[in-house]
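J.: One-letter residues, chain by chain:
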Amino acid sequence: MNVADFDTPELHEYPLIPKLKEGVMAHSKPYVAKPQFQEALGFPGELVDNWEEKALEKLDDLRGRYRSLQVYLDSCVKCGACTDKCHYYLGTSDPKNMPVARQDLLRQVYRRYRTFAGKYFPKLVGAKDLTRDVLDDWYSYFHQCSQCRRCSVYCPYGIDTAEISMAAREIMDSIGVGQKYCNEIIGKAGTIGNNLGLPEPALADTLEGLEEEVEEDTGVPVKFPLDQKGAEILLVTPSADFFAEPHVDGLIGYAKVFHEAGVSWTMSSYASEAANFGMFIGSYENMRDLSMRVRKAALDLGVKRIVFGECGHAWRVAYSFLNTLAGPFDFLDPNYPVPQHICEFTYDLIQKNKLKFDKSENDHMTLTFHDSCNVARASRMGDKPGGQFDIPRAIIRAVCNNYVDMPADYIKEATFCCGGGGGLLTDDLMELRVKGAQPRMEAYKRVVDDNGVTNVAAICAICKSQFTKVLPYYGFGMTDIVSVHQLVSEALILSDAPSDEEDEATETESEA
Amino acid sequence: MSALSVTYAILFYAATLLLVVGLVRKIALYARTPAPLKIPTTPAPVSRSGVVMRMVHEVVLFTSLFKATKWTWLFGWLFHLGLLLVLLRHLRYFQADTWFWVDLIQPFGKYASFAMIIGLLGLFARRIFVDRVRYISSPSDYLMLLLLIAIGVSGMMMTFVAHTDIVMVKAFFLGLLRFTIEPLPGDAFLLVHLTLVALLMIIFPISKLLHAPGVFFSPSRNQVDNPREKRHLAPWAAELEK
Ligand code: SF4
Ligand code: SF4
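Going down the list, the protein sequences come from chains D and L.
Per our numbering, the first sequence starts with residue -14, numbered consecutively.
Per our numbering, the second sequence starts with residue 15, numbered consecutively.
Pulled out of the complex, with its shape left as it was, chain L reads as follows:
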């Protein structure tokens, strides 16, 4: 057991813990907080199934963003789609026997990294060149994009330029799942990649990345438009009736 393996094992356990605890706490907070008044942005669906359709459209196709600005939509969508495929591709590091579809998407996942990086660069360019977007950007907004770009590029280096020993990497992560520490290759790109991923996991629940759970809790999108048919009395509002 090398010091390197131990360090990264600890890093990933800590990052996972922070990610999960942080997200669960936030999600619990959103779920617990009442939504006392119906405020769906209309025209809104009048049934639960309609709301599900609306959310699916939003989450899969970014419908509202598409209506708003085509460039941001294009780059944002490319990035997220690329990220999704890349993430699914990474499943193979966590399964002893990979599902067949994980094998199937390997080549797509490989090239999806380009879509991801192009999307990120596009978003970065908008932040710099569109005066309105520049005005609203804080340092963290740029850094977040740079972090994602760095993760993507370091990963691509291993795929396309300097291969690492992925059998060892897989053994390392499978080991973590069983709470044993297997050796980790000491390649620079791999270590950079893993460090940045852990960093991303750590800041996820304390950053704007909260938009991921947030979108599902957004009352203007997830409410059924039925205020005349139903009363929606929040507990604190019911107190006023006494």
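Same shape as in the complex, but just chain D:
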């Protein structure tokens, strides 16, 4: 745990761009990965001897493999348009958290060694030698980017700092300085099947418990099937859904929706994780390995469709990369997109009038919706651009009476990251997470104060965990955060529920 004291930033009525405070976040670093976890992923265990040379080699390799990196290293004009767009800069005031300054940590080295101007006139173009100090800055500040892509929306060339951060992290991994949190998790997901390292018996146990709980609650035997061969749908969901609050309430929601839809479905103990941390460290190979597990699970279980549970980063990898990494999925039913998001699935049923809701079940809440960064700016739902904004909102409106959006410059493609994405959701980065949440908290406060909002719904597992942790720092309740499918679950009327009055009476009593 990071014990250093820090002040929670203030929330203002209107957004303020802070004055630069150089170096205030230089101390913020995640724990370094131990050698065995590094080696398990194919990286050197610790800093290699000729690391400067190796780092440059890796940079060249990545420049040759990714057009984005090459173009983004060359194209920035230092216009400054992105400087006030990063939640980490807004929350910390550290100038190296301005997207362009973050990119420059890598760009200055690229310039120095790989461009004419930087080789012969380094001072003139801000080129720098690759020294230990530069490496330290890389480790600090490339782990202060949640790869949320907000900066890319505003850059006139679409320069995406997330791409640069991923490249920088991959370079660091390749010379032996990996980040503990991400690399340990990738290791677990690659061997056990999920980020938490829950083995099959533990999963089965949890799901059985949920079945009992839901039956007790509703009187309906809603199933939570695991490893069921021949099921129509494979559900892949973030492992946080198996037990963390409010995630698990979302999982209950998916199960109820599947139940109501009358489709057969299953989860897999082999691919029991939707989140793919390979993306956070920029590693195509690791991301591919994890994606292949989903493919294998789908083949082994003989399913026809793949549906992903609520999550933001998971959905980015699933929507944007899964087909490329682990496809082609021509063994699945071509009538459905591969993969589908649970929100698309539920929305479809709502459109077809197949689900009945009692909206008043959610009347004790006034809701707003937090667009998760990776869903908003790196994925889609449905077949129209912007479906990722409309579909979750349409679901929320279908299941509750009180809904208010946060101000327009805080939502949809302009949404602020929760502050914990991109592999930063670890206790050793708590200060960064709290400070980075400031812009999101500020917008939330606006609707709490002005519109009486009581809760915020989200569809990303990281957002949900992060909100649970940081809401209290800003004077809100940790349970203000809810899953979208938790709302669905509350309002959904199960058609085979016992409906005699006696039953309802006991239910209300036990709730009271």
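The hints are simulated quantities; they were obtained by calculation from the structure and are not laboratory data.
Model, not experiment: these values are computed from the prediction.
There is no bait here: all hints are sound.
If you anchor each label on the Cβ, the simulated ranges turn out as follows:
no., chain 1, residue 1, chain 2, residue 2, range
1, D, Ser249, L, Ala226, 49 to 59 Å
2, L, Leu213, D, Glu24, 47 to 57 Å
3, L, Leu213, D, Asp412, 49 to 59 Å
4, D, Lys104, L, Ile142, 27 to 37 Å
5, D, Asp412, L, Leu31, 52 to 62 Å
6, L, Lys84, D, Gly460, 31 to 41 Å
7, D, Pro3, L, Leu105, 44 to 54 Å
8, L, Val175, D, Leu109, 25 to 35 Å
9, L, Met67, D, Glu(-2), 31 to 41 Å
10, D, Gln336, L, Pro121, 53 to 63 Å
11, D, Pro20, L, Lys84, 49 to 59 Å
For each residue, glycine too, the CB sits at the ideal point set by N, CA and C.
Using the hints provided, position chain L with the ligands relative to the given structure of chain D.
T.: Chain L with the ligands in isolation, oriented as in the chain D frame:
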């Protein structure tokens, strides 16, 4: 043939060569480098024609910059629009018989130079007065603006104050196109103007001016949002499947 004409002829041949070779090499590099994963910044168009519209908006109206900061957008747009008109106006020095529209825009091009300079001064002021922009600026960022300002001002001097013999200038450049060297007037403003233009051409492919071709190759802007419908396997990624 004076030494002056020869020097400037050589200078312009060299500058053009460096500009073209430098740009072609960079563009070839961008075009050759695979983009293994779909990373358009969403909401992104789901068709090719949608992408073309998106790029046109970006290049003509600077849409993203407009969303980001109105001041930078205003100055940046003024400068680029002014520059475009001025450049088109200069076409007359390279055509024996000018196209009618080149004649037509002459007066606009003349005053566009003011827009260009105002834009540049605005951008320069932002670099000095906005602490965030000052922080990210290197000497070259200031120098680039100063270079453009100097080119603009020296050009305007010839248009509005001390006219040079433009018939001779035109003959000189038409001559260069035919690989003959015609005499060049020896006016100070003209020589400063031409020297700086040649310098700009030379540093173009090794500087941040690469944003001009770069914007067309930016995956976050030029990709179609269709990863579920299509696989996008880069050659090096396909190797992993073996
Ligand atoms: S991707 Fe997000 S976190 Fe990273 S620099 Fe850009 S705005 Fe900041
Ligand atoms: S907005 Fe783009 S071009 Fe402008 S400084 Fe930021 S990264 Fe560079």
